[in-house]
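Residue numbering for the sequence shown follows our numbering, beginning at 27 and increasing consecutively.
Each hint should be verified, as a subset may be incorrect.
With a straight-line Cα cutoff of 20 angstroms, these simulated EDC-like cross-link-like pairs (lysine to aspartate or glutamate) come out [to be verified]:
no., residue 1, residue 2
1, 216, 226
2, 216, 229
3, 69, 40
4, 69, 57
5, 216, 238
6, 69, 79
7, 69, 119
8, 216, 299
So the derived label-pair ranges between C-beta atoms look like this [unchecked claim]:
no., residue 1, residue 2, range
9, 53, 302, 19 to 25 angstroms
10, 275, 53, 23 to 29 angstroms
11, 191, 53, 37 to 43 angstroms
12, 231, 132, 43 to 49 angstroms
13, 191, 73, 48 to 54 angstroms
14, 39, 90, 42 to 48 angstroms
15, 205, 61, 52 to 58 angstroms
16, 61, 136, 29 to 35 angstroms
17, 279, 100, 47 to 53 angstroms
To be clear, the hints were calculated from the coordinates, so they are not data collected in a lab.
Glycine residues also receive a C-beta, built at the ideal position from the N, C-alpha and C atoms.
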Amino acid sequence: MSRRRRDAPLPVRDGVDPARLRVHGGPVAAELRTRFGDRVAAKVAAGEVVCADGTVVDETTEMAAGSVVFLYRDLPDEVPVPFPLPVLHRDRDLVVVDKPHFLATMPRGRHVTETALVRLRRALEMPELAPAHRLDRLTAGVLVFTTRREVRGAYQSLFAGAQVRKTYLAHSAGTPTRALPAVLRSRIIKRRGRLQAVEEHGEPNAETRVHDVGGGCYRLQPVTGRTHQLRVHLTSIGLPITGDPLYPAIIEVADDDFTSPLQLLAHTLEFDDPLTGRPRRFVSERVLPRCRG
Numbered sequence: 027m028s029r030r031r032r033d034a035p036l037p038v039r040d041g042v043d044p045a046r047l048r049v050h051g052g053p054v055a056a057e058l059r060t061r062f063g064d065r066v067a068a069k070v071a072a073g074e075v076v077c078a079d080g081t082v083v084d085e086t087t088e089m090a091a092g093s094v095v096f097l098y099r100d101l102p103d104e105v106p107v108p109f110p111l112p113v114l115h116r117d118r119d120l121v122v123v124d125k126p127h128f129l130a131t132m133p134r135g136r137h138v139t140e141t142a143l144v145r146l147r148r149a150l151e152m153p154e155l156a157p158a159h160r161l162d163r164l165t166a167g168v169l170v171f172t173t174r175r176e177v178r179g180a181y182q183s184l185f186a187g188a189q190v191r192k193t194y195l196a197h198s199a200g201t202p203t204r205a206l207p208a209v210l211r212s213r214i215i216k217r218r219g220r221l222q223a224v225e226e227h228g229e230p231n232a233e234t235r236v237h238d239v240g241g242g243c244y245r246l247q248p249v250t251g252r253t254h255q256l257r258v259h260l261t262s263i264g265l266p267i268t269g270d271p272l273y274p275a276i277i278e279v280a281d282d283d284f285t286s287p288l289q290l291l292a293h294t295l296e297f298d299d300p301l302t303g304r305p306r307r308f309v310s311e312r313v314l315p316r317c318r319g
């Protein structure tokens with residue numbers, strides 16, 4: 027993520043990074059016209075497609091297979107997410123927000139402008155803002171962004187290296203199939219093109235500590251950060267999270283239906299700052315309606 031932004035020869039525009047396309051090789055303009063049609067062809071004609079070194083692509087440009095070009099994408103029509111994105115903390119290095127349900131962390135697929143990253147870049151006028159980690163679109167709570175390229179790697183490495191202590195809250199109407207508290211370990215795989223992650227036999231790559239705090243509410247402390255880990259682990263012990271449209275079964279939900287948020291909240295993040303060594307602790311001000319204690 028950070029490497030792409032650092033190497034991009036086009037600046038962030040209105041909060042959005044330029045798209046990065048890998049070419050098949052040969053005449054670039056002809057390839058883009060064949061793959062993407064008139065809209066991208068018009069961008070080539072207007073001088074809006076550039077090589078990695080900033081050279082403008084024209085009808086004579088040829089590139090080797092695997093080379094990349096950059097251009098600004100046509101933004102999709104998006105349903106506005108009707109919830110605020112409050113800032114919990116801001117300093118020279120970090121911006122920490124309390125992400126609402128239904129707002130993606132960063133652009134992906136059909137969610138571009140209606141993401142925490144683009145909203146914040148626009149509101150704070152900070153084009154170098156970048157997420158230090160990610161939360162699922164349906165999960166609410168504490169989300170950390172770095173403010174400058176110079177510090178981005180240090181914080182992203184902290185999260186990637188499992189050096190951050192995370193506490194989540196979740197609600198489930200299910201009945202646990204094993205005694206709690208418990209430590210859940212399994213192998214979780216999320217395959218491209220599949221909505222659900224699955225547990226498979228093999229060396230565990232996911233670990234979650236689960237505590238019952240009463241009233242159908244659970245405190246979760248993930249040691250690892252696999253995609254959908256908490257949702258998969260709770261479902262595996264009879265505790266599908268309230269409002270989950272993916273586990274245990276896939277439920278179709280309209281893009282403009284915000285009535286049943288996933289009852290999962292990233293409540294607390296704690297870590298030793300990689301630049302200063304000082305302890306950092308950020309706590310969500312959100313509550314789950316059924317877990318107010």
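To see whether the hints hold, each was checked on the structure:
| no. | hint | in the structure |
| --- | --- | --- |
| 1 | 216 - 226 | 10 angstroms, holds |
| 2 | 216 - 229 | 15 angstroms, holds |
| 3 | 69 - 40 | 18 angstroms, holds |
| 4 | 69 - 57 | 13 angstroms, holds |
| 5 | 216 - 238 | 27 angstroms, violated |
| 6 | 69 - 79 | 18 angstroms, holds |
| 7 | 69 - 119 | 36 angstroms, violated |
| 8 | 216 - 299 | 31 angstroms, violated |
| 9 | 53 - 302: 19 to 25 angstroms | 52 angstroms, violated |
| 10 | 275 - 53: 23 to 29 angstroms | 48 angstroms, violated |
| 11 | 191 - 53: 37 to 43 angstroms | 53 angstroms, violated |
| 12 | 231 - 132: 43 to 49 angstroms | 23 angstroms, violated |
| 13 | 191 - 73: 48 to 54 angstroms | 49 angstroms, holds |
| 14 | 39 - 90: 42 to 48 angstroms | 28 angstroms, violated |
| 15 | 205 - 61: 52 to 58 angstroms | 55 angstroms, holds |
| 16 | 61 - 136: 29 to 35 angstroms | 19 angstroms, violated |
| 17 | 279 - 100: 47 to 53 angstroms | 26 angstroms, violated |
When held up to the earlier numbered hints, the structure conflicts with 5, 7, 8, 9, 10, 11, 12, 14, 16 and 17 and fits the remainder.
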